[in-house]
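Starting from the known structure of chain W, fit chains B, Z and H with the ligands onto it as the hints suggest.
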Amino acid sequence: MRVYLDNNATTPLAEEVKKEMADSAGIFGNASSMHKDGMLSRNLLEKARQKVSSGLGCSPDELIFTGCGTESDNIAIQGFLRGTDKKHIITSKIEHPAVLNVFKYLHNNGYEVTYLDVDEYGAVDPELLAGALRKDTALVSIMTANNEIGTIQPVKEISERIREYSKDIVFHTDAVQGFGKTDIDVKKMGVDMMSVSAHKINGPKGVGALFIRKGVKIKPVFIGGHHERGLRPGTENVQGIAGFGKAVEIAMAGMKEKNEKTGRLRDKLKEGIIRSIPNIKINGHPETVLPNTLNVSFRDVEGESIIMMLDMEGISVSTGSACTSGTLEASHVLLSIGLDHASAQGSVRFSLGVYNNEQEIGYVLEKLPGIISRLRDMSPLAKKSECK
Amino acid sequence: MRVYLDNNATTPLAEEVKKEMADSAGIFGNASSMHKDGMLSRNLLEKARQKVSSGLGCSPDELIFTGCGTESDNIAIQGFLRGTDKKHIITSKIEHPAVLNVFKYLHNNGYEVTYLDVDEYGAVDPELLAGALRKDTALVSIMTANNEIGTIQPVKEISERIREYSKDIVFHTDAVQGFGKTDIDVKKMGVDMMSVSAHKINGPKGVGALFIRKGVKIKPVFIGGHHERGLRPGTENVQGIAGFGKAVEIAMAGMKEKNEKTGRLRDKLKEGIIRSIPNIKINGHPETVLPNTLNVSFRDVEGESIIMMLDMEGISVSTGSACTSGTLEASHVLLSIGLDHASAQGSVRFSLGVYNNEQEIGYVLEKLPGIISRLRDMSPLAKKSECK
Amino acid sequence: MEQYSEKVMEHFRNPKNVGEIPDADGVGRVGNPTCGDIMELYIKVDKGIIKDARFKTFGCGAAIASSSMVTELVKGKTLEEAEKISNKAVIEALDGLPPVKRHCSVLAEEALKKAIEDYKNRQKDV
Amino acid sequence: MEQYSEKVMEHFRNPKNVGEIPDADGVGRVGNPTCGDIMELYIKVDKGIIKDARFKTFGCGAAIASSSMVTELVKGKTLEEAEKISNKAVIEALDGLPPVKRHCSVLAEEALKKAIEDYKNRQKDV
Ligand SMILES: Cc1ncc(COP(=O)(O)O)c(C=O)c1O
Ligand SMILES: Cc1ncc(COP(=O)(O)O)c(C=O)c1O
Numbered sequence: 349m350r351v352y353l354d355n356n357a358t359t360p361l362a363e364e365v366k367k368e369m370a371d372s373a374g375i376f377g378n379a380s381s382m383h384k385d386g387m388l389s390r391n392l393l394e395k396a397r398q399k400v401s402s403g404l405g406c407s408p409d410e411l412i413f414t415g416c417g418t419e420s421d422n423i424a425i426q427g428f429l430r431g432t433d434k435k436h437i438i439t440s441k442i443e444h445p446a447v448l449n450v451f452k453y454l455h456n457n458g459y460e461v462t463y464l465d466v467d468e469y470g471a472v473d474p475e476l477l478a479g480a481l482r483k484d485t486a487l488v489s490i491m492t493a494n495n496e497i498g499t500i501q502p503v504k505e506i507s508e509r510i511r512e513y514s515k516d517i518v519f520h521t522d523a524v525q526g527f528g529k530t531d532i533d534v535k536k537m538g539v540d541m542m543s544v545s546a547h548k549i550n551g552p553k554g555v556g557a558l559f560i561r562k563g564v565k566i567k568p569v570f571i572g573g574h575h576e577r578g579l580r581p582g583t584e585n586v587q588g589i590a591g592f593g594k595a596v597e598i599a600m601a602g603m604k605e606k607n608e609k610t611g612r613l614r615d616k617l618k619e620g621i622i623r624s625i626p627n628i629k630i631n632g633h634p635e636t637v638l639p640n641t642l643n644v645s646f647r648d649v650e651g652e653s654i655i656m657m658l659d660m661e662g663i664s665v666s667t668g669s670a671c672t673s674g675t676l677e678a679s680h681v682l683l684s685i686g687l688d689h690a691s692a693q694g695s696v697r698f699s700l701g702v703y704n705n706e707q708e709i710g711y712v713l714e715k716l717p718g719i720i721s722r723l724r725d726m727s728p729l730a731k732k733s734e735c736k
Numbered sequence: 349m350r351v352y353l354d355n356n357a358t359t360p361l362a363e364e365v366k367k368e369m370a371d372s373a374g375i376f377g378n379a380s381s382m383h384k385d386g387m388l389s390r391n392l393l394e395k396a397r398q399k400v401s402s403g404l405g406c407s408p409d410e411l412i413f414t415g416c417g418t419e420s421d422n423i424a425i426q427g428f429l430r431g432t433d434k435k436h437i438i439t440s441k442i443e444h445p446a447v448l449n450v451f452k453y454l455h456n457n458g459y460e461v462t463y464l465d466v467d468e469y470g471a472v473d474p475e476l477l478a479g480a481l482r483k484d485t486a487l488v489s490i491m492t493a494n495n496e497i498g499t500i501q502p503v504k505e506i507s508e509r510i511r512e513y514s515k516d517i518v519f520h521t522d523a524v525q526g527f528g529k530t531d532i533d534v535k536k537m538g539v540d541m542m543s544v545s546a547h548k549i550n551g552p553k554g555v556g557a558l559f560i561r562k563g564v565k566i567k568p569v570f571i572g573g574h575h576e577r578g579l580r581p582g583t584e585n586v587q588g589i590a591g592f593g594k595a596v597e598i599a600m601a602g603m604k605e606k607n608e609k610t611g612r613l614r615d616k617l618k619e620g621i622i623r624s625i626p627n628i629k630i631n632g633h634p635e636t637v638l639p640n641t642l643n644v645s646f647r648d649v650e651g652e653s654i655i656m657m658l659d660m661e662g663i664s665v666s667t668g669s670a671c672t673s674g675t676l677e678a679s680h681v682l683l684s685i686g687l688d689h690a691s692a693q694g695s696v697r698f699s700l701g702v703y704n705n706e707q708e709i710g711y712v713l714e715k716l717p718g719i720i721s722r723l724r725d726m727s728p729l730a731k732k733s734e735c736k
Numbered sequence: 005m006e007q008y009s010e011k012v013m014e015h016f017r018n019p020k021n022v023g024e025i026p027d028a029d030g031v032g033r034v035g036n037p038t039c040g041d042i043m044e045l046y047i048k049v050d051k052g053i054i055k056d057a058r059f060k061t062f063g064c065g066a067a068i069a070s071s072s073m074v075t076e077l078v079k080g081k082t083l084e085e086a087e088k089i090s091n092k093a094v095i096e097a098l099d100g101l102p103p104v105k106r107h108c109s110v111l112a113e114e115a116l117k118k119a120i121e122d123y124k125n126r127q128k129d130v
Numbered sequence: 005m006e007q008y009s010e011k012v013m014e015h016f017r018n019p020k021n022v023g024e025i026p027d028a029d030g031v032g033r034v035g036n037p038t039c040g041d042i043m044e045l046y047i048k049v050d051k052g053i054i055k056d057a058r059f060k061t062f063g064c065g066a067a068i069a070s071s072s073m074v075t076e077l078v079k080g081k082t083l084e085e086a087e088k089i090s091n092k093a094v095i096e097a098l099d100g101l102p103p104v105k106r107h108c109s110v111l112a113e114e115a116l117k118k119a120i121e122d123y124k125n126r127q128k129d130v
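Protein chains in written order, with this note's numbering: chain W, 349 to 736; chain B, 349 to 736; chain Z, 5 to 130; chain H, 5 to 130.
The following block holds chain W by itself, in its conformation from the complex (with noise of 0.2 Å):
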C-alpha cells in the first residue's frame, strides 16, 4: 500500500489532466507563428487562459503564464521594483523561499524590509501591517495560505488597510497552496498580484500563472521575446499549459464538496492522532486552515527520522517545505510560530489530496503510533521530558 500524504509539495496528475495533455501532444506549433500550426497552439492557449483566469476571478488579459509558481513570485516582485524609486517593502516571517529569499535579496540590494511577526497560529494582524506602511512602501506580499502549515490570511483585511492608506502600493499575493483549496477571487480578495502553480492541483509541473491587475506596471526581468506581454520570454509550453487549463476546470467543479471531503479526512486523521499518541501539539490555525493541511510536533523525536520510516511502510508525508530538505535549518515557519528548535525538528506535515480515502488514513493511524513510540525509545529526550 502506497498513500501519498504530500500534496502541499505536489501533486498527482489528474486523469483528466493526462488525457488533455495527450490530446494536445500533437498540437505543436510554435504560438507566436503566424501560421496554422502556431495558430492552433495559440487557441489552446487562449483557451486556457480563459479557464485559469476564471478560476482566479480575472480577465484573461491580466494573466500571464510562467514556468512555475516561484517564477510567478519572483516576475511579480522583482519585476514590479524595476519600475519604482521606492525602496520599502513588506512581507511576513513565514512566506515560501521563493518570496522570502527574494526579499531577503533585496534587503541586502538597497532595500528597506519590514517582515512582520505572526502569531502563534501563524496568522499575520492586519493591524500589525497597518503600521508598517510607509510613504515609501512600494510592495507588500502575503501569501493566500501557508504551505507548512495551511493558515490563511485575512487577505482582504489586509487589502483594505493597505488602500485605506495609500493607493500606490502594490499588494502581491502568493496563492500557489491557497488555490484550490480555498475561495480565491483577486477581486473579492483586493489583490493586484497573485501567483498560482499548475503542479498543487493535480496539473503539471513547469507551469505557472501570475495575474497582474490591469493598470499595475511591471517590467520584464527575464528579457527575450515579447511572448506574455514580454513580462516570461520563452517559447509558450502549449502542452502544459494545456494541462494546466483542464487542471483548474475540474479542480473548480464542486471544489466546496472536495474540500469538504479533505477536510473529513483531515480531522479524522488529526483526532485519531490526537487520542492514539501523548506529547504531541498541533500547528497551525484552528479554523482559518487549508482543509488540507495537518502539521504536527511529536516532541523528542526528529522529524526526518518520522518520514522515513513513514516512507517504509508506503507513506509520503514531508517536514515542512519539499524547498527546503537538504539543509538542515529548522523551519522558518514552525520557529516564526514560537516552536523550539528540538519542536521545530519534530514536525510532520500531512497534506491530503482530492484523491485521499478512509482507508488509507486508517492505515496511517495505525503504523504512525508504533513509529513514535519506537524512535522515543531511542531518544535521549523522551526520558527528560518524562521526568518533567
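These aren't lab readings, by the way, just hints derived from the structure by calculation.
Among the hints, erroneous ones may be present.
Stated by the list, open to error - Computed far set for chain W versus chain B, every beta-carbon distance over 10 Å: (1) M369; (2) S401; (3) E410; (4) N422; (5) V450; (6) Y459; (7) A601; (8) P728.
As the list claims (entries may be wrong) - Covered, in the sense of this in silico footprint (three residues per stretch, anywhere, with C-beta under 8 Å from a C-beta of chain B), are these stretches of chain W: (9) 351-361; (10) 375-387; (11) 462-476; (12) 539-553; (13) 571-579; (14) 647-661.
What the hints assert, rightly or not - Distance windows between CB atoms, simulated: (15) K395/B with M13/Z: 38 to 48 Å; (16) G100/H with K565/B: 25 to 35 Å; (17) E460/W with S9/H: 40 to 50 Å; (18) K367/W with R577/B: 26 to 36 Å.
All C-beta atoms, glycine included, are put in the ideal place defined by N, C-alpha and C.
For chains B, Z and H with the ligands alone, kept in the frame of chain W given last:
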C-alpha cells in the same frame, strides 16, 4: 497536405518523446522530497541530466535544467553579472532577442556594451572580437548558430582569442539552434556556459538547460528554493525533463546521417527556388550554415504576405524569428548582414526538420513560384525593379 | 500574434481591384520601404464620382486587405463622400484589425486622400 | 536531496545497540537541540577493551545510522583503537553519506571521544 518548414521556431514532439512523457506521467513526486515518490522523480531527473549533459559533452553536475532557452540565456548572463563588478560586455548584432534584449537592458543599466558587427554572411570575425576585449570585460556572449539565417559562428576561434587575452572573461554561447544540427561539445568549443532548449530538437516546450563550467560562479536571478543548485528554483518539471532527455538521446543517435539528409532536402529546395524564381537572394553563409536552414529574400514582395499565401496552401514557414512576429520591425539579423529594408521585409525562412521528405519539398517548389509572381503583380516596387 | 478576421482573409485571398489604371485621373502613393508598407492607389473620376479604383501594394496581409477594401469602398462614391472615408471605416469594413496592424488602414486612408488631392491638383492645372 | 546508501538505510531500519547502559563506564553526550541532533553514547570497558556500546539519538536518519555504526565499530576494540575511529571511518563503513549529512558522522566521532574521555576521568577519580 500540410508541410511544416518552421523547425527553427519549434519542432513536433518525437513519438518516442511522447511515449517517454506518457510513461513518466505517473511519476509525480517532488524531486526534492525525501520519500519514495520523491526518489522516483529524482531518479528520472538525474537520468535525464545524464543524457542531456552527454549530448553537450559536459558532466552532469555542470548542467542545470531551466524553463526554456530564454531562461538559460538570462540566468547565464544576468546571473554571472550579479556576481562581478566588471562592467563591459560583448555580444554580436545578430543574437536572438533572448540575448540581445538582455544586453540592451544592461546597456541602459550601467553596462558598457560592444555589439559586434558581422560580415555579409552573418559571421563574427574572431579578430574583431579580440580587438574589443578589455581589462574590464566581464562576459562575451556569441551564439553558436543563428536562428534566422543559420550561419554557424567560429565559436572555437572566438574562445581561443578570449583565452589568449584573459582567463577571467566568461564566454557564453546560445546553442539553442546549434544543438542537434551541428557538432556540439562544450570542451572542444571552449565555452564556459551554453544554453539549449528542448523544443528545438523534437522535445517538449517549457524545458531548457544551461551548462555552467565547473568553477564559473553565477548567482540566481530568480530566487527561491534550492532546486538546480538554487539557480533555477521551482519544483522541477520532471515529466518535461524526462522528455528532454529522450529527445537528446534520439537526436544524438545518427545525427550525422540525419543532418546530411536534411541538408540534401534543403539544397534541393534552394536549387529549385534559384531555378524557378528570379530576383532572389539567398541569405546566410554558403557553407558554414545549419543544414536545415534556408533564408531567401524575394525582391519586391513582403514576407508576411508570402507566409500567409503559403499557409493557405498548407505550408508553414516564417519570416525571421517567431519571437518578433507581431512586431513591425524588419529583422535585425538581415539588416545587420547588409540587406535594405525592403529586402529584409521580403525574406522568408524555410527551416527543415528530421521529419521532412522529398515529396514535401517538391510540393513547396510547385506552389512557391506562383505565389511570388502573384504578389509581385500586386507590388508597386516590382515594375521599378524591372526598369532598373 | 492576433488573428485576422475572416473578412481580412477574404480580401487577402482574393483582393479586389489589383493593378494600375494607366490613364488614372488621380494617383496616391504612400509609405516607403524603410518604414514598411508601400501603397499606390489609382482613381478614375467622372463628374465628381469615382468610377474606378485600383491599387498596388507592397505589404503584409493587412496592408493588402486594407488596400482592397478601400478601393471597394470608394467605387461609386462622390469625391466628397470618398474624402470622408477614414481608416476607422476601413477597419470596420474589415471586421477589425489587430492593434499592431492598424497603421495599414491609416495608409489606405492616406493613399485615398492623396489620390483625391492629386486629382484636384490636376483639375487646377487644366 | 541525495540518496542514502543501502548501508545507511539498513542501520536506520534496524539500528544496532539502541539504549542506555545503566552502569556504563563512560558516557559521551554531544549536540544540542538548537543546532540539531543530540547523541548519547554509553560504553562498558573491561581491561582496556570496549565490551559493550549503546546509544540514544535524537536526529535524522544519518544521525541514527551513524550512531548505530559507531557502536558496532567500537565493540571489541581497545581504547587506543577506539580513539582512532574518525568520522571518515564511520562514513566509509556506511558506504558514504550525502554532503549535507557529514556532520552526523562528526557527531558520532565526538560522542565516542567524549565517552572514552569520561571513562578515563572516572579512572583517575578512583
Ligand atoms: C537562438 C535562439 N536562442 C534562444 C531562443 C529561445 O528559446 P526558447 O523559446 O526556448 O526560450 C531561440 C528560439 O526561440 C533561439 O532560436
Ligand atoms: C506557498 C508556495 N509558494 C511558492 C511555491 C513554489 O511553487 P513552484 O514549485 O511551482 O515554483 C510553493 C511550492 O513549492 C508554495 O507552497
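Hints, verified against the model:
1. M369/W, annotated as away from the interface, has a beta carbon of chain B within 10 Å; the closest lies near 7 Å.
2. With a cut of 10 Å on Cβ distances, S401/W stays outside the contact zone with chain B, its closest approach being about 19 Å.
3. Non-interface status of E410/W relative to chain B is upheld: no Cβ of that chain comes within 10 Å, the nearest being about 19 Å off.
4. With a least CB separation of 4 Å from chain B, N422/W falls inside the 10 Å interface cut-off, contrary to its annotation.
5. Its closest Cβ contact with chain B, about 5 Å, brings V450/W to no more than 10 Å, contrary to its assignment away from the interface.
6. A cut-off of 10 Å between C-beta atoms confirms that Y459/W is not in contact with chain B; the least separation is 13 Å.
7. No Cβ of chain B comes within 10 Å of the Cβ of A601/W; the nearest lies about 21 Å off, and the non-interface call holds.
8. Its beta-carbon lying about 23 Å from the closest one in chain B, P728/W satisfies the requirement of being farther than 10 Å from that chain.
9. Counting residues of the segment 351-361 of chain W whose CB lies closer than 8 Å to any CB of chain B gives 7, which reaches the minimum of 3, so the coverage claim holds.
10. A stretch counts as covered by a chain when three or more of its residues have a beta carbon under 8 Å from one of that chain; for the segment 375-387 of chain W and chain B the count is 10, and the coverage holds.
11. Restraint check on the segment 462-476 of chain W versus chain B: 0 residues with Cβ-Cβ distances below 8 Å, three needed, restraint violated.
12. Chain B is given as covering the segment 539-553 of chain W, and this holds because 4 residues of the stretch bring a CB closer than 8 Å to a CB of that chain, at least three being needed.
13. Under a criterion of three residues with beta carbons nearer than 8 Å to beta carbons of chain B, the stated coverage of the segment 571-579 of chain W is upheld, 5 such residues being counted.
14. With 5 residues carrying a beta carbon less than 8 Å from a beta carbon of chain B, the segment 647-661 of chain W meets the three-residue requirement, and the given coverage holds.
15. A hinted range of 38 to 48 Å for the beta carbons of K395/B and M13/Z is consistent with their spacing of about 47 Å.
16. Taking 25 to 35 Å as the suggested C-beta distance range, the pair G100/H and K565/B conforms, at roughly 27 Å.
17. The hinted window of 40 to 50 Å between E460/W and S9/H holds, with their beta carbons roughly 47 Å apart.
18. About 35 Å separates the C-beta atoms of K367/W and R577/B, a value consistent with the hinted range of 26 to 36 Å.
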